[in-house]
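Its first residue numbered 1, the sequence shown is counted upward by one per residue in our numbering.
Among these hints, one or two may not hold up.
Distance windows between CB atoms, simulated [to be verified]:
#, residue 1, residue 2, range
1, Val92, Arg192, 37 to 43 Å
2, Ile176, Val81, 20 to 26 Å
3, Phe189, Leu139, 45 to 51 Å
4, Lys96, Arg192, 27 to 33 Å
5, Asp34, Glu55, 25 to 31 Å
6, Ser132, Ser235, 42 to 48 Å
7, Glu142, Thr183, 55 to 61 Å
8, Asp193, Asn23, 31 to 37 Å
9, Val81, Thr46, 20 to 26 Å
10, Val81, Leu48, 19 to 25 Å
Lysine-lysine pairs mimicking BS3-like chemistry, simulated, CA-CA at most 27 Å apart [unchecked claim]:
#, residue 1, residue 2
11, Lys41, Lys153
12, Lys41, Lys58
13, Lys229, Lys172
14, Lys159, Lys171
15, Lys45, Lys159
16, Lys45, Lys6
17, Lys153, Lys96
Source of the hints: derived by calculation from the structure; they are not laboratory data.
Just so it is clear, the structure is predicted and the values come from calculations on it, not from any experiment.
Beta carbons: idealized from backbone N, C-alpha and C, even for Gly.
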Amino acid sequence: MRSRQKEKWLKAIAEELRALEDNGVWKVVRKPRDARVLHTKWVFKTKLDAEGLIERLKARLVACGNEQEFGVNYHITFAAVIDLTSVKLILVLARKWRVPAKHGDVPNAYVKAEKEAGLTIYIHLPQGMVISEEVLKLLGVESAKELVLELQKALYGLKQAGRLWNQLLHKKLIEIGFEQSLTDMCVYFRRRDGVLLVVGVYVDDLLVTGTEQSAVDAFFGELKEFSVKDLGKVSKFLGMRITRC
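Taking the hints into account, I'd like the entire structure generated from these sequences.
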């Protein structure tokens, strides 16, 4: 790595690996004979705030989904995303109800979803991952080259990852009383005790408003198992800068 910000990027890589391990995304195993093993790569992104200033450096580990084979390590892949018209409608409702729309972000969203049942997916050890001598000895190998990672959860880059996360979030929203819109699969609403909440979903970004501020503020707490970040009043969504909602 030749970047002037090399140390910061290496720190971002370490943070990503730690987050994946903490989420139980994989287990280290000896490479089975004739196993189909997917390569991985690092994707680096400089995240900017609403003013265009650097907010943080993000390193994301992704599987090379182009190496997957249908019926072997993936099945259905479709995952819906919110329509831009629906986003605008939610912002209009926020303005009408005088309750500012809030923005939520789900960190490492895809890896919160379990992998598909009946499928075994292996990936090569990613660059930057160190296997201790203790683990090598425990698995009875002399070198990390004899090891692979067996995925336990979805990983960015897998063809089915977006669908698996979408299904998990959908299940949770239905569980806490939301209904799915008939006109947009990524819009949900809930009427409870005279209060209406509306939620728009774009992968791991949530746009929320309602008829009462307290209900909007409490919403993200209902998704605490996903560690949703409450980013406050929405200022940027899907590349749009929002100055009034």
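Exercise. Under the criterion that the straight-line Cα-Cα distance not exceed 27 Å, is the pair Lys45, Lys159 satisfied?
Worked result: holds, 21 Å
Exercise. At the C-beta level, are Asp193 and Asn23 separated by a distance inside 31 to 37 Å?
Worked result: holds, 35 Å
For this session: Take a quick look at whether Lys159 and Lys171 sit within 27 Å of each other, Cα to Cα.
Result: holds, 20 Å
For this session: May I ask you to test the hint 19 to 25 Å on the CB atoms belonging to Val81 and Leu48?
Result: Check passed, 21 Å falls within 19 to 25 Å.
Exercise. Would the pair Lys229 and Lys172 pass a check requiring their Cα atoms to be no farther apart than 27 Å?
Worked result: The given pair, whose Cα atoms are some 16 Å apart, holds under the 27 Å limit.
Exercise. Between Lys153 and Lys96, is the straight-line Cα distance small enough, at 27 Å or below?
Worked result: Measuring from Cα to Cα gives roughly 41 Å; hence the hint is violated.
Exercise. Ser132 and Ser235, beta-carbon distance inside 42 to 48 Å?
Worked result: holds, 43 Å
For this session: Please test the hint of 25 to 31 Å on the beta carbon pair from Asp34 and Glu55.
Result: About 45 Å separates the Cβ atoms of Asp34 and Glu55, which means 25 to 31 Å is violated.
Exercise. Could one say that the CB atoms of Lys96 and Arg192 fall in the range 27 to 33 Å?
Worked result: violated, 19 Å
Exercise. Has the hinted range 20 to 26 Å been met by the Cβ atoms of Ile176 and Val81?
Worked result: holds, 21 Å
Problem set entry | 27 Å limit on alpha-carbon distance, applied to hinted pair Lys45 and Lys6 | Holds - the C-alpha atoms of Lys6 and Lys45 are around 13 Å apart, at most 27 Å.
Exercise. Using the C-beta atoms of Val81 and Thr46, is the stated range 20 to 26 Å upheld?
Worked result: For Val81 and Thr46 the Cβ distance comes to about 23 Å; the hint holds.
Violated hints for the displayed structure, listed by number in ascending order: 1, 4, 5, 17.
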